[in-house]
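Got chain A; can you put chain B on it based on the hints?
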Amino acid sequence: GENVEQHPSTLSVQEGDSAVIKCTYSDSASNYFPWYKQELGKRPQLIIDIRSNVGEKKDQRIAVTLNKTAKHFSLHITETQPEDSAVYFCAASGPQAGTALIFGKGTTLSVSS
Amino acid sequence: KAGVTQTPRYLIKTRGQQVTLSCSPISGHRSVSWYQQTPGQGLQFLFEYFSETQRNKGNFPGRFSGRQFSNSRSEMNVSTLELGDSALYLCASSLVQGRDTQYFGPGTRLTVL
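Same order as they appear, the protein sequences are chains A and B. Just so we're aligned, residue 1 is where the first sequence starts under the working numbering, counting upward by one. Just so we're aligned, residue 1 is where the second sequence starts under the working numbering, counting upward by one.
The following block holds chain A by itself, in its conformation from the complex:
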């Protein structure tokens, strides 16, 4: 089955710096890669996703890149702000009906002002 590795587990940056979180997946058939943000005591919320027919996707300060050959994808946050502090999860899912969404173990991002 699919396995998703996420690094680093913790990341501390200064406000205004960039943050990068990387994930690798094992199943070459996976074609959907969402990223979720979970603030303390709240539910995970989708912040951006990418599908295998796209190499990069941007949404304001957030971008995700996908390298299908190497089976890894990354989340890039530019101009970080204290409100970006949260746990970020990557996930991967395959094309078959009912395929499970498999999550990485999460990255705790701390942005200090």
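Hints may be right or wrong, so weigh each one.
To be verified - Footprint (simulated), chain B over chain A, 3 or more residues, beta carbon under 8 Å:
1. 45 to 55
2. 98 to 106
Said to hold, decoys possible - Below, computed lysine to any residue pairings styled on SDA-like, alpha-carbon distance capped at 20 Å:
3. A:LYS37 - B:LYS13
4. B:LYS1 - B:TYR103
5. B:LYS1 - B:LEU88
6. A:LYS105 - B:GLN44
7. A:LYS105 - A:GLY16
8. A:LYS42 - B:GLN44
9. B:LYS13 - B:GLY62
10. A:LYS105 - B:LEU95
11. A:LYS105 - A:VAL20
12. A:LYS37 - A:ASP27
13. A:LYS105 - B:LEU88
14. A:LYS42 - B:ALA87
15. A:LYS22 - A:LYS68
16. A:LYS105 - B:PRO106
17. A:LYS42 - B:GLY3
18. B:LYS1 - A:LYS22
19. A:LYS22 - A:GLY41
20. A:LYS37 - B:ARG109
21. A:LYS37 - B:GLN37
22. A:LYS37 - B:PRO106
23. B:LYS57 - A:SER26
24. B:LYS57 - A:GLN96
25. A:LYS37 - B:THR101
26. A:LYS42 - B:GLY62
Note that these hints are calculated values from the structure, not bench results. In this text, all values refer to a predicted model and were calculated from it rather than measured experimentally. Yeah, the Cβ is synthetic: ideal placement off N, Cα and C, and Gly gets one too.
Chain B only, in chain A's frame:
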């Protein structure tokens, strides 16, 4: 539209008891997935239901079961509770299948004493 709701929000049980958790998806969503979230382990996939059928199951013992009703509401049951079952149980709904965007509920915090 109303978001995904879960009841109850908090539960305290003792070892050996059983528990039933409920999830109401977003109106029109037919797929419901369940996840167990514990510190350091991220979100671990339990199972997914679509049109009252279990389409996929994660690597959990048979004490964990679920079902989905014709109105897409879903329940999960854990029998013979163990201390290690203490966790946040999240459900997520999506429009059609698990690989579509999943929207999470607030979770049920289960504590087993």
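Checked hints:
As drawn, the region 45 to 55 of chain A meets chain B at 3 residues by the rule of a beta-carbon pair under 8 Å; at three or more, the given contact holds. Residues of the region 98 to 106 of chain A with a Cβ under 8 Å from some Cβ of chain B number 9, which satisfies the need for three, so the listed coverage holds. For the hint linking LYS37 (chain A) to LYS13 (chain B), the alpha-carbon distance of about 29 Å lies beyond 20 Å, and the restraint is violated. About 12 Å separates the Cα atoms of LYS1 (chain B) and TYR103 (chain B), which keeps this hinted pair within 20 Å; it holds.
Of the supplied pair hints, the one linking LYS1 (chain B) and LEU88 (chain B) is violated, its CA atoms being roughly 24 Å apart against a limit of 20 Å. Proposed proximity of LYS105 (chain A) and GLN44 (chain B) is supported: the alpha carbons are some 9 Å apart, at most 20 Å. Restraint check: the Cα-Cα separation between LYS105 (chain A) and GLY16 (chain A) comes to about 26 Å, which exceeds 20 Å; the hinted pair is violated. A distance of roughly 17 Å separates the Cα atoms of LYS42 (chain A) and GLN44 (chain B); the hinted pair therefore holds under the 20 Å criterion.
Distance hint between LYS13 (chain B) and GLY62 (chain B) is fulfilled; the C-alpha atoms sit about 19 Å from each other, no more than 20 Å. Pair hint LYS105 (chain A) plus LEU95 (chain B) does not hold up; C-alpha atoms about 25 Å apart against a cutoff of 20 Å. For a cut-off of 20 Å, the pair hint linking LYS105 (chain A) to VAL20 (chain A) stands: about 15 Å separates their Cα positions. A C-alpha spacing of about 23 Å is found between LYS37 (chain A) and ASP27 (chain A), which places the hinted pair above 20 Å, so the restraint is violated.
Pair hint LYS105 (chain A) plus LEU88 (chain B) holds up; C-alpha atoms about 15 Å apart against a cutoff of 20 Å. A hinted pair counts as satisfied when its Cα atoms are at most 20 Å apart, and LYS42 (chain A) with ALA87 (chain B) qualifies at roughly 14 Å. Taking the CA atoms of LYS22 (chain A) and LYS68 (chain A), the gap is about 13 Å. The hint holds against a cut of 20 Å. Straight-line distance between C-alpha atoms of LYS105 (chain A) and PRO106 (chain B) comes to about 19 Å, which keeps the hinted pair within the 20 Å bound.
For the hint linking LYS42 (chain A) to GLY3 (chain B), the alpha-carbon distance of about 13 Å falls within 20 Å, and the restraint holds. Proposed proximity of LYS1 (chain B) and LYS22 (chain A) is contradicted: the alpha carbons are some 33 Å apart, above 20 Å. Between LYS22 (chain A) and GLY41 (chain A) the CA atoms are separated by roughly 24 Å; this puts the pair beyond 20 Å, and the hint is violated. Taking the CA atoms of LYS37 (chain A) and ARG109 (chain B), the gap is near 19 Å; set against the 20 Å cutoff, the hint holds.
The straight-line distance between the Cα atoms of LYS37 (chain A) and GLN37 (chain B) is roughly 14 Å, inside the 20 Å bound, and the hint therefore holds. Between LYS37 (chain A) and PRO106 (chain B) the alpha-carbon distance is near 13 Å, which keeps this suggested pair within the 20 Å criterion. For the proposed pair LYS57 (chain B) and SER26 (chain A), the alpha carbon gap of about 19 Å is at most 20 Å, so the pair holds. For the proposed pair LYS57 (chain B) and GLN96 (chain A), the alpha carbon gap of about 14 Å is at most 20 Å, so the pair holds.
As the CA atoms of LYS37 (chain A) and THR101 (chain B) are separated by approximately 14 Å, the hinted pair is consistent with the 20 Å bound. For the hint pairing LYS42 (chain A) with GLY62 (chain B), the CA-to-CA distance comes to about 29 Å; that exceeds 20 Å, so the pair is violated.
In this structure, the hints that do not hold are numbers 3, 5, 7, 10, 12, 18, 19 and 26, in rising order.
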